[in-house]
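Number of protein chains: 4
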Amino acid sequence: MKKLTLKDQKCFYYVLSAKNEPTLTIEPGETVIVETEDAFSGQIRKPGDRRNLETAPEGNPESGPIYIEGAEKGDTLVVDIIDIKPTIGQGATRIPSWWWYLGTPGSEALEKFLNVKLPHGTRICPIKDNKVYFSEKIVIPYEPFIGTIGTALEFDATLDPGPNGGNMDQPEVKPGNRLYLPVFVEGALLHVGDVHATQGDGELCGVAIEMPAETTMKIDLIKGKRIRWPRVESPEHIMVITSSGIGRSLEDATRIGFIELILWMEEEYGFTRWDAYSLCTQVAKTQLGNFWTMAVKMPKKYLS
Amino acid sequence: MKKLTLKDQKCFYYVLSAKNEPTLTIEPGETVIVETEDAFSGQIRKPGDRRNLETAPEGNPESGPIYIEGAEKGDTLVVDIIDIKPTIGQGATRIPSWWWYLGTPGSEALEKFLNVKLPHGTRICPIKDNKVYFSEKIVIPYEPFIGTIGTALEFDATLDPGPNGGNMDQPEVKPGNRLYLPVFVEGALLHVGDVHATQGDGELCGVAIEMPAETTMKIDLIKGKRIRWPRVESPEHIMVITSSGIGRSLEDATRIGFIELILWMEEEYGFTRWDAYSLCTQVAKTQLGNFWTMAVKMPKKYLS
Amino acid sequence: MKKLTLKDQKCFYYVLSAKNEPTLTIEPGETVIVETEDAFSGQIRKPGDRRNLETAPEGNPESGPIYIEGAEKGDTLVVDIIDIKPTIGQGATRIPSWWWYLGTPGSEALEKFLNVKLPHGTRICPIKDNKVYFSEKIVIPYEPFIGTIGTALEFDATLDPGPNGGNMDQPEVKPGNRLYLPVFVEGALLHVGDVHATQGDGELCGVAIEMPAETTMKIDLIKGKRIRWPRVESPEHIMVITSSGIGRSLEDATRIGFIELILWMEEEYGFTRWDAYSLCTQVAKTQLGNFWTMAVKMPKKYLS
Amino acid sequence: MKKLTLKDQKCFYYVLSAKNEPTLTIEPGETVIVETEDAFSGQIRKPGDRRNLETAPEGNPESGPIYIEGAEKGDTLVVDIIDIKPTIGQGATRIPSWWWYLGTPGSEALEKFLNVKLPHGTRICPIKDNKVYFSEKIVIPYEPFIGTIGTALEFDATLDPGPNGGNMDQPEVKPGNRLYLPVFVEGALLHVGDVHATQGDGELCGVAIEMPAETTMKIDLIKGKRIRWPRVESPEHIMVITSSGIGRSLEDATRIGFIELILWMEEEYGFTRWDAYSLCTQVAKTQLGNFWTMAVKMPKKYLS
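Residue numbers (my numbering), protein chains in the order written: chain A, 80 to 383; chain B, 80 to 383; chain C, 80 to 383; chain D, 80 to 383.
Rather than coming from a laboratory, the hints here were simulated on the basis of the structure. Incorrect hints may appear among the rest.
Stated by the list, open to error - Taking lysine-lysine pairs in the DSS-like style, the calculated list, with each CA pair at most 30 Å apart, reads:
hint, chain 1, residue 1, chain 2, residue 2
1, C, K380, D, K216
2, B, K164, A, K380
3, D, K364, A, K152
4, B, K164, A, K379
5, B, K304, A, K380
6, A, K216, B, K125
7, C, K152, C, K82
8, B, K364, A, K216
9, A, K152, D, K98
10, C, K379, B, K98
11, A, K297, A, K216
12, C, K379, B, K304
13, D, K364, A, K98
14, C, K379, D, K364
15, D, K364, C, K125
16, B, K196, D, K196
17, B, K125, A, K125
18, A, K379, B, K379
19, A, K302, D, K364
20, A, K364, B, K98
21, D, K216, A, K196
Stated by the list, open to error - So, partial list: chain C residues that the calculated Cβ filter (under 7 Å) puts toward chain D:
hint, residue
22, G200
23, Y212
24, T277
25, G279
26, C359
27, Y381
Computed from a predicted model, the values in this text were never measured in an experiment. Even for Gly, the Cβ is constructed at its ideal location relative to N, Cα and C.
The shape of chain A in the complex, shown without the other chains (with noise of 0.2 Å):
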């Protein structure tokens, strides 16, 4: 089985580019080790860390990245996630961004003019036994899953979520699940990244349980079939992710996976379309990941 480490990495990328060079090449079909920094790029190890912008100016360091041979534009890629491994039996979290989610979009501005300081609430929280320690007190289940995942797009070259994957922060895109990301490039160039222990839906402060880790993952192709944003099979349910953006409004990033979610049911399950429409209706879940991507969800048991 292929690994591929931090110290094969070199260096991290923090954009989902076209032009970044791959650092692993693998046949589809082949499942790989792929090791991550941590969303801080692993400056906050201790209580008293605090994360240097001068060394690291941007978070989520991205691993590969991966070529997949013989992936295409119009091709999707298949990613089974197959394990999650903390690295360093820790993850950290913090509160560096209260402004963008609570307050209003904005942080700097606002925080200098309302003069309200927030604290650092930086927190290590030790992972063993899959569970991890918030608190003394507090004790959470692990459950991570991959918060930054996305190919290369032909032109753009950002980690914001969007039809490419890039960090989309859903909890679903976890071990045991199955992620489809469109091709748009030569060799897809999948990026890995940002693992989180675990997180609630909305990443309210904008910082789940981050941890370095090792992810094991089986990377297929299907030639030939485009899919227009990020879909994940789970044991219970085929859903869509999407989220919002420039002149989309998280109302209609849901209406898209909607639309999505409905059309798939159309082509590979047999329903009609107004079918499929009305049993969305009485069935369907969402589930927020992050506050600006939404996952559209529809029960396995309904489609067969």
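Put chains B, C and D on the given structure of chain A with help from the hints.
Chains B, C and D in isolation, oriented as in the chain A frame:
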């Protein structure tokens, strides 16, 4: 046990108005059974039935209001939902307002603009043995809840979801759960209607499995305690239900829900504000009711 | 010319309800003068004055409703605004709800959360010679308009902006312009109040230069013509005024405004739909009223 | 005067990347002429022309970047737009993405869902004597501006509007006005493209009157002054341009614009924060660029 039947009701109400004449008066602590008509005003009982807007121009007829003795502005109503039974053994759904949801709001004009006609999609769904028969093949668990429930506001009179409850379409307003509603007027004036046999998150097409029902509720009062938005307590969660509205985006609604949840954790569960904030980030759940109400939930296991 | 004075009014209305008792009845085509109280219920007349929510819990007291003989559901009311005069030679403003606008909706909870106090910012502004004296140094042109004007809806009763008008805070509802409002109930029941001496786009803090006023309007009726949202005709533009609301983002409101404008151009000005669509793209104007109403405008010079 | 011609440009850029190779280097204070291709990559010159996405998959080709000597992160670029000339005497428009704007975002899926086809709407518009000939009958003033202009970000590379400028489509970025842009990377790397002969607020269908152009600009630098979002100074207004985006609704963008405007008034014009806040409420103007950028303006006459 007091019972408010459809016959007692004489006329239904379509807005939560302080001027609506009570049809039942109770003491705090009483358990009542409330019969409600379905959201279609009972006009859709067979597959070929259509809504007649001449005889019933509005949807969601409300039973009540129930006058709670001693309730005054600034109090909180406590509604334990005990049981919801279908009264005619079936529910119904249809596709009434497609554009509003998936196309874009502004239904009528957009339909005209596009010259697109959608099917009526009327569907009668038998309910028995705790199952809803969406079709011969598709059977959905019977998970009933109250779609519209709310106290009267002092001034405004609509069914819109807001601080007083209203058309929240939140599946958590269900048997086994406790709903808290602020009291704004003398007697609280609790309205109940629009019961759903089941519903998916988002209530995509705008119409769930609508059914006439008999709901058993215990209604109590907390004097002198004021809350700002509806709250729900389930065996697993405490939660706040908010809604979008004029000048309040869906993200804003979600932010408000989180603020209220955090203040609740601070006031009643001994959390510091910032610990609550950080914990919400890691373990909170959210649930879209219809496209404009959001429930923000904290698992109770982290509260003790 | 009929005049509806504050004395005639006896009581004010705070919602546009079909149940409000008319205080004036007119024939279509009549010109009337309507006296209105300011949005503060007249409680802020000197710099030290503060709102007393005990004696006047709601803002925006409405004069009327005016019953227009012969008006029925499906008609359109035509209101030519002829003149607006300040009645006490001054207006007032303050900073009442800061958080709602700049911080985030949810004013009270967020203020509590942040422990931030904002100044009351009360300011009495003399009005003379067509000027508003914001301060000794800052003098603003007197550009008065009606902040809240609307017909009664059949069922709902609020001041919220919507298809029937309401609290639109749109500076184009001003002398020299013609407002079209849909009629929903017999007599139309036109309410008028909340006159502003001037206002910026967005009405940032939520309170313009509020003044008691005397407004001269000619009120006419178009039988059998139905519109879906308020329209305004100025010497330069035709325009549609829409608002955000539950399930309707500000972008959705703007989209609806454009659809309505295009259909209007098609129906009354001989454009094909797609030419109108393309022309809107090149020459339309938009104006934010308060943060939740949008006027979408087509210059008349392109219509003939 | 230096001139950057299309020939000099060799290749165009489609994102504002820090990695783009400068095609012109200047000293602060120099005046330059920049030739730009139109947003269609020059593929629509006759009525029957259509976009060929094989040969030019992206829109809005950018000229530059221009490297400004001495510019460093934390500085502010000052761009005086002096003149914009059409280079081929015509512009073009079409209806490319109808659903995105009026229907709902998610163009392709929704079109599929609805089976609705829109006309291409291609239109060649001669430009002469300061007029744009939309049709034989409809003549629009020539009011050109730069649709896309921005500095490179350190990490991300897109054309999306944001703190660095980008595809703002704001009509105020026009001759006679001064644009301020934050500098994020050495040399600033100013990109210019996507010039419009005119455009309505909202740019409804997503395509204005697009034209190849020759723009004369004086480019200067303020060392050590950092701004957070693009600013514009016109003879009449100072203004801030913000945009919606992931987690940032259009209302949020507008709020940020107002906060920035108020802080600007405080820092440079001697206002107290709360006076500025109150004055914005009374006299500010807002302008929608495309559906996701908002300019928030303060008339200069109130600043002295």
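- Query: When the hints from earlier in the document are held up against this structure, which numbers fail?
  - Reply: Going through the list in order, the structure violates hints 3, 5, 6, 10, 11, 12, 13, 17, 19, 20, 21, 23 and respects the others.
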